[in-house]
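Using the sequences and the hints, build the whole thing.
Listed in order, the protein sequences are those of chains A and B.
In this text, residue positions in the first sequence follow my numbering: the first is 127, and each later residue adds one.
In this text, residue positions in the second sequence follow my numbering: the first is 76, and each later residue adds one.
Hints are computed from structural coordinates only; laboratory data are not their basis.
The structure displayed is predicted, hence computed values, not measured ones.
Keep in mind that a hint or two might mislead.
Straight-line distance between alpha carbons at most 30 angstroms, and here's what the computed DSBU-like set of lysine-lysine pairs gives [as the list claims (entries may be wrong)]: (1) B/Lys263 with B/Lys404; (2) A/Lys198 with B/Lys525; (3) A/Lys352 with B/Lys352; (4) B/Lys207 with A/Lys395.
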Amino acid sequence: MRQEHYDVAVIGGGSAGMAAAISLAQRGKSVVLFEREEVLGGILLQCIHNGFGLHHFKEELTGPEYAERVSKTLEELPVTVFVGSTVMHMEEAHAGEGKIVYAYSREHGIVMAEVRAVVLAMGCRERNRGNIGTPGTRPAGVYTAGLAQRLVNVEGYIPGKEVVIVGSGDIGLIMARRMTWVGAKVKAVVEIQPYPAGLTRNIVQCLNDFSIPLYLSHIVSEIHGKNRVEAVTITPMVDGMPDTQRSFRVDCDTVLLSVGLVPDNEVSKKLGVQLNPETNGALVDSRLMTNVPGVFACGNVLHVHDLVDFVTEESTRCGEYVAEYLDGVRPAAQHRVVAGSNVKYVLPNWYDRSHDNRFYLRPMVVKNRAELQVRLDGHVIKTKVLKHVQPSEMIALALDEKDLGDGAAQGDLRLEIAIV
Amino acid sequence: MNTHYDVVVIGAGVCGAAIARRLSAYELKVALVEKEVDVSFGVSKANSGIVHGGFHHSTKSLKSKLEVQGNRMFDQLKEELHFPFERCGILVVAFSTEEMRTVEQLYRQGVANRAVGIELCNRERILMLEPKLNNDVVGGLFAPAGGIIEPYRLVFSLVECAQQNGVEVLLNWEVSSAVDQGSYYTLKNQKGETIEADYVVNAAGLYTDRISALFGAEEYKIVPRKGEEFLMDRNAKAYTRRVIFPVPDPLSKGTLVIPTVEGTTMIGPTAEMIEDKEDTTTTRDNFEKAFYSARRLVPAVSERDIITSFTGLRPTIAGDDFYIDYSRKVPRFIHVAGIQSPGLTASPAIGEYVKHLLKKRGIRLVEKPDWKPSIAEVPRIRELSPFDADQLIATDPSYGEIVCRCENISEKEIVEAIRRGHVTLDGIKFYTRAQMGRCQGGFCTYKILKILQRETGMTIDEITKRGKDSFVVTSRIGELAVGATVEGAV
Ligand SMILES: Cc1cc2nc3c(=O)[nH]c(=O)nc-3n(C[C@H](O)[C@H](O)[C@H](O)COP(=O)(O)OP(=O)(O)OC[C@H]3O[C@@H](n4cnc5c(N)ncnc54)[C@H](O)[C@@H]3O)c2cc1C
Ligand SMILES: Cc1cc2nc3c(=O)[nH]c(=O)nc-3n(C[C@H](O)[C@H](O)[C@H](O)COP(=O)(O)OP(=O)(O)OC[C@H]3O[C@@H](n4cnc5c(N)ncnc54)[C@H](O)[C@@H]3O)c2cc1C
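The structure is reproduced here in structure tokens:
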């Protein structure tokens, strides 16, 4: 067994892990990065469409291009990278504050890395048919959109000829266009909510431009077919209930599911990291540290991001925090941040009054001219008017020391962020 | 010339497999024939995986005799065949004094059946045995000899052992007609191929009635009773230490909360008589029913944790007992019919019982001096400590390649499955558990496809989910006519 020592282990080599590793190495820390796949890049590698990096690189790149830029920077830094290495287990070191990370690989057997800090950057997984409980038979031809994307873009195979897509998440929308381009017929995109789950630009560019019908407030209520999918039943939702009288059948040989992503936190649990049931990501303080000292999280494993630029920003910052942690910096008093009206979640879950704070939040409502309100001890301390909010678009919010008032304020220091 | 067998066993479910393995101990030429592309693709793949405790069925029934006998055989079988099995114990929980009366009746029945270690529990004891029970429980029954298994792994191991001892397994071989030639039978399949058999064992599960008709043996009707099961994540809070049963109703043993032997939680089965033997749909109604009943037993059961659901069909027969006997109408023909629950539990004893029936009908049984009851154990990387795993990877690096991240399955385990003939996605899933975890194959399917391609020489468009035309993909890029839209910016 190979035993190694580093300041930090980064788990996952997608855009989050790479950015955190870069940021740490630039601050002189010794870093080991473990990536399960043979190449770095994560989910970016299968997103061969445009639309990455507008904020960060100020130009429009494809996923692989974005990944390549970041990994070039990484290569020039002294980071030890193990690809083809899956972290299966982690534990507290027997003595001291350290952690032990076990990675499994073909080439090196088990690499046991003893480190002082861990960055969780494992990304997310797709929700599947079981998670949404679609009744019917269980034939071949039902795939998550990400798997289909992989089959088409990486392996060169087309899952099927006539497709119904369940859910209007971004991957589903992009796959609707991709399947059309390779010659399949996308017969419907079916979304349970009265509004799309994906970005507006994807609705326009992936569905409208190809005249693919989008059924809002509809569900796929049954899958038919013995060996291979033969059809689905689609049912409209009326006042939140399926109206089975108006169900109709659409023949197809493939069902793609784009019904959301879930942070993939299984290994995190081995160290006792506490998760937020709202996001399935870790609960983190203002410095993106989890309840386990020395364990940090960023990127999609913390909460699902829709833009890679935000992942890079958050993860770079996470690297800074970890470096400071290793230098002995401990945060000042931490206070809770709670999601108020019409907000699904706010991250981080704690804030620090003595610093600038940056928050990401996800709305629960679709609304024009929405007001973002930050409340402290019952008083609104800041507002911001947003032209349009919708659940598929994450909101970034910065609060500086001034916003938070003078440090002497007493009372309930819980910060509440709401949309009204 | 046709291949001639002493015995042909029709149906490679748990019964056929147990019978074939038992017969493999004797100097006999045996074939196990199966219509599906792999073994254990019938009733034996979709059930609750419980080794029952021996108290549910009347002492007078054949069922209960074979259940108790089968239960006792599992420790040795596990030693020899290495399938996942654990005697976690079974609880039946009562929520009223009336229900407690039924429980007491089950207890007396269990004692009469000679079920091992069975006891009655007061409220405090039952809550101690399982703290996650609903607090309203008033008492119940504990059957410590009850346990849990991975049913398909049991079948795979039985078949592997049988094969190792000379049994031939014929897959994609659907018996579609039979002719009595006087001293032997000729069996023909859907492609017109034939084999010959002196003795025939009909273990065709839901289709035993059809096979019986083909041979002109007794007439009976197998009616499917549908049961839906819902599988939950391995981190589900509802995970209990023991199998939890409600007080049974006349139709079934009720909807249970099952801690599977692999650490996940399962809710089910429902019970509903149907007509169609191929109807394995799941429905919203049954989902709600199952969760409603399960939550009454264990309040921590949450819909949030579901990762998948499936349906199994119990092959029921009039009278509701197992029908295992030789035919009185045609010679050298044995029925193994109506094997609903506790079929899995009873299967090792069924193997023994059928051997005796064959002997009674005149087959000569000479023990093989070199019969090997054990098969090689395939190490599973997830069961090893990092130190042991490291040594194993040193002997074979493909143990270090983790293909399925949810269940922690290495490439080597997948290759072992393929080498044992499990060459569909479902076959690999049942042998290894890859695709069976929380992502349900979202991440690993394409990796498995590539390994299958490499190991078998099939191309991805030839690979199926479970045989027939359950193809995974339909075409390659470039094969479909691309419409008016040009492939733009990709
Ligand atoms: C289909 C899709 C389309 C998108 N489209 C856009 C877009 O158009 N524009 C845009 O800006 N953003 C887009 N995004 C968002 C953005 O690209 C992603 O959110 C971002 O790349 C996620 O980065 P990550 O590093 O957090 O996760 P990932 O990229 O998923 O990286 C996680 C990495 O961790 C590895 N890993 C996991 N577990 C382990 C382990 N135990 N041991 C070792 N390694 C492990 C994985 O192999 C993976 O490489 C899209 C996202 C998706 C899913
Ligand atoms: C929902 C459910 C839950 C259950 N739970 C339990 C439990 O917890 N514990 C327990 O002990 N029992 C349980 N059972 C019962 C148990 O699963 C069955 O009794 C057992 O699997 C039956 O095995 P078998 O070999 O008789 O049938 P099968 O497994 O169906 O095997 C018969 C085989 O014959 C093949 N076949 C059919 N026709 C032909 C033909 N013409 N030619 C060739 N092959 C053919 C089929 O393809 C099939 O593979 C449960 C059953 C169900 C449905």
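Each hint, compared with the structure:
1. B/Lys263 with B/Lys404: holds (21 angstroms)
2. A/Lys198 with B/Lys525: With Cα atoms ~29 angstroms apart, A/Lys198 and B/Lys525 stay inside 30 angstroms; holds.
3. A/Lys352 with B/Lys352: holds (12 angstroms)
4. B/Lys207 with A/Lys395: Within the cut-off at roughly 21 angstroms; holds.
No hint from the list above goes unmet by this structure.
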